[in-house]
Amino acid sequence: MNKRLLALLSVLVLASMVLVACAPAVVETEAPVMTEAPVMTEAPAMYECTDALGCVTIGPDEPVHLAYWGVLAGPDASLGEDSKRGVEIAISDLGGKFQGHDILLTTEDGGCTPEGGATAATKLAADTSLVGLIGSSCSDETVGGIATITNAGLTTISPSNTRPVLTSPDRGPDFAGYARTAHSDAFQGKAVAEFAYNKLGARKAATLHDGSAYAQALVGVFAENFKALGGEIVAEEAVAKDATDMKPVLTTISAAGPDFFYYPVFVAVGGYTTAQVRDVAGLETVPIAGSDGIFTADLLKGGGANTLGMYLSSPDFSAFTGDYAGFLTKHEAAYGGSTLSAFHAHAYDATNILFSALEQVAVVEADGTIYVPRQALRDAIFATKDFSGITGTLSCSASGDCGAPVIAVYEIMNSDPASWNPADATNPNPKKIYP
Amino acid sequence: MRTSIGERLLDLAVSGFLWGFRILIVVVVVLGTILTIQAGKYTGQQWIDFVVFGISQGSIYALIALGYTMVYGILRMINFAHGEIFMSGAFGGYFIATWLAGIGFMDQHPMLGLIIAILFGMLISTLIALLVERIAYRPLRGAPRLVPLISAIGASYFLQYTFRGLFGPGVYAYPSISALDGKFNFLGIDILKVQVIVAVAALIMMSILYFIVMYTKIGKAMRAVSENKDVAALMGIDVNRIIVSTFALGAAMAGAAGVLYGLTFRQVTFFTGFTPGIKAFTAAVLGGIGNIPGAMVGGLVLGLVESIGPALFLDSLGIPRPYQLKDAIAYIMLVMILLFRPSGILGERISKKA
Chain A
1 MNKRLLALLS VLVLASMVLV ACAPAVVETE APVMTEAPVM TEAPAMYECT
51 DALGCVTIGP DEPVHLAYWG VLAGPDASLG EDSKRGVEIA ISDLGGKFQG
101 HDILLTTEDG GCTPEGGATA ATKLAADTSL VGLIGSSCSD ETVGGIATIT
151 NAGLTTISPS NTRPVLTSPD RGPDFAGYAR TAHSDAFQGK AVAEFAYNKL
201 GARKAATLHD GSAYAQALVG VFAENFKALG GEIVAEEAVA KDATDMKPVL
251 TTISAAGPDF FYYPVFVAVG GYTTAQVRDV AGLETVPIAG SDGIFTADLL
301 KGGGANTLGM YLSSPDFSAF TGDYAGFLTK HEAAYGGSTL SAFHAHAYDA
351 TNILFSALEQ VAVVEADGTI YVPRQALRDA IFATKDFSGI TGTLSCSASG
401 DCGAPVIAVY EIMNSDPASW NPADATNPNP KKIYP
Chain B
1001 MRTSIGERLL DLAVSGFLWG FRILIVVVVV LGTILTIQAG KYTGQQWIDF
1051 VVFGISQGSI YALIALGYTM VYGILRMINF AHGEIFMSGA FGGYFIATWL
1101 AGIGFMDQHP MLGLIIAILF GMLISTLIAL LVERIAYRPL RGAPRLVPLI
1151 SAIGASYFLQ YTFRGLFGPG VYAYPSISAL DGKFNFLGID ILKVQVIVAV
1201 AALIMMSILY FIVMYTKIGK AMRAVSENKD VAALMGIDVN RIIVSTFALG
1251 AAMAGAAGVL YGLTFRQVTF FTGFTPGIKA FTAAVLGGIG NIPGAMVGGL
1301 VLGLVESIGP ALFLDSLGIP RPYQLKDAIA YIMLVMILLF RPSGILGERI
1351 SKKA
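Top to bottom, those sequences are chains A and B. Under this note's numbering, residues 1 to 435 are what the first sequence spells out, in order. Under this note's numbering, residues 1001 to 1354 are what the second sequence spells out, in order.
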């Protein structure tokens, strides 16, 4: 009997642990309200914080704390990991120090979903030691979390969100704490449409999205531009993000008779679609294309041999005006192997913009205490002008667009994931083919 | 009990709503079907393709659904960890298939290699199911019915995150087996080889299972335990042993389904079992939970509706992007069938046993 009870108890404990682990952190949502008060009272007489959003106080022995939030688990983990490496290299280039303080980088997973982004943002907002944020990876995460982050007085710079509306002039006050170094898909969708129409001679395009904020918007921009060029969109389909059997929807697309098939989705749907597209009668030879969300070797793992000859749009690495080669050398030394996705350089630039703004506004006391006025930091980031980064000479618009968007279309030359190396001098895979 | 006019009106409104709902769905289905067929957007070959895709997906659902329905039949319990048992089979098959492809065995003896991979997937699934039964369910045998249910949910998460811990969150891709590429030509109809193999393998597995349950001693004992556990025990049947064999059989089916799933869709992650698990549970309820042929029929019907439904019912009604509504179609169909036949397609009786 005792043994039974013990077993029951242990199972219950296990189950409750699992449930607790899965529950969103309800307690922490209350925290942001308190962020200002303690900071104000702790400030010694020497410096009076008058910032509208309060100040972050960093004691003489405390590190300067910034966080990266983005997708670090699941099928799209490469996208987030790639950007995180960019942040880490930027920090190591700064010697790991700011004004003599160590720089501390922590991470928060957003899972590439609005819910995950909201959870991550809630955790970040509760941490009063945070100076600034880099992230998120997926536009969906920003859609879910940005209000919490902005209202907590934090500012985040995203290296890889591309949904156009995130930096539109009428984006609303919730986005006041949001800037990005990534391009807007207003450019990417246009580049792909021009590539398909002018270079491939396509006239009847079909599109597929996975319901994500990113894919939905990008497909829309593509369709608009393709039609403006004189082409026709013969099929606009969509699937759920967890769909695996694509053959029925591909059959519907095939029935429309497209001569170009564009699916700028994420890795899960991208892999399944690519693996199955050639099995569907009528789509055996139709050119297929995706975008930066699947610009990763993981696509080759999921898509297999069918990825050969597939087109992917991405930031144009050869158009970067900064020292990209030097960055790649550091990347090779630190992590080995090729870069994982398309936005490491954007993350590097985002981190440096954050620290250059910090440099301008941080107040350093004689004993080493640093005060960071939050609104001033946000203003300094948005005032960034002619900042020379790897991706280009960057200036931020009033609505947070800091990117220097140059888009290229790449072609996959080899379907073996181990051969992925877009930066290789002699045998790049994928290889830039347009413009 | 007194019934006021208000209550009677409410009853009338509810049943009126339900009838309205049934009529609306039937109208949408009939109208959509007629319009789609009139529009002639799809060729005959394409309709056949839809059916073949549906059968292939449906037979995987059916194999998983068998495990739900057998365990329910014998214990009146929903084994929510069953989706993870399926996922572990897919992982087992992945490792052995990759190894076999690596040493060139898959190219020389593709059929034998596939059978080995399927058997290995079944073995892994069975072992894990037996562990789960022993650790998470058996100690709770006498407990109220909700307790093992919660324990099953815990076991499901535990397995998912154990696999994540062991193999990481990344994607594992099945090796491409050249013998499975390409199409069969059957009476002028092109069918993908891999789908034929999935359907045939599923059919063989289900026949074996049906034979075991209907014509062997252990199958007879299973049916006896399912009828009445206490009386079966009095007749000299070792109930625990029968329950263990039921779990083992159900898990073996799920393991085979896992490998077939891997061969069809090529990717496996720690999260692979979640959606197919829910879908297969739906299939089991659809066919009549506790009923073995019901699970097979339910799986096939669900697969077919998911594959054909969006194109047949919604395409011509002007609904944009019908494939996003695939799951909605499947679940509305579940509601419809349960409205007309509350015990499922083949479910004959609602259990009187607690």
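Calculated from the structure, these hints are not laboratory results. Note that beta-carbon positions come from the ideal geometry of N, C-alpha and C, so glycine has one too. Keep in mind that the hints are not guaranteed to be accurate.
Subject to a maximum C-alpha distance of 30 Å in a straight line, what follows is the list of computed DSSO-like cross-link-like pairs (lysine-lysine) [stated by the list, open to error]:
| no. | chain 1 | residue 1 | chain 2 | residue 2 |
| --- | --- | --- | --- | --- |
| 1 | B | 1229 | B | 1041 |
| 2 | B | 1220 | A | 241 |
| 3 | B | 1229 | A | 241 |
| 4 | A | 227 | B | 1183 |
| 5 | A | 330 | A | 431 |
| 6 | A | 227 | A | 199 |
| 7 | A | 227 | A | 190 |
| 8 | A | 241 | A | 97 |
| 9 | A | 97 | A | 123 |
| 10 | A | 432 | A | 241 |
| 11 | A | 204 | B | 1183 |
| 12 | B | 1217 | A | 241 |
| 13 | A | 432 | A | 123 |
| 14 | A | 204 | A | 241 |
| 15 | A | 432 | A | 190 |
| 16 | A | 204 | A | 190 |
| 17 | A | 204 | B | 1041 |
| 18 | A | 385 | A | 199 |
Pair ranges (Cβ atoms, derived) [to be verified]:
| no. | chain 1 | residue 1 | chain 2 | residue 2 | range |
| --- | --- | --- | --- | --- | --- |
| 19 | B | 1030 | A | 227 | 33 to 41 Å |
| 20 | B | 1200 | A | 172 | 51 to 59 Å |
| 21 | B | 1190 | A | 199 | 29 to 37 Å |
| 22 | B | 1099 | A | 423 | 26 to 34 Å |
| 23 | A | 232 | B | 1130 | 24 to 32 Å |
| 24 | B | 1184 | A | 414 | 26 to 34 Å |
| 25 | A | 232 | B | 1033 | 25 to 33 Å |
| 26 | B | 1021 | A | 172 | 53 to 61 Å |
Violated hints, by number in ascending order, as checked against the structure: 1, 2, 3, 4, 8, 12, 13, 18, 23 and 26
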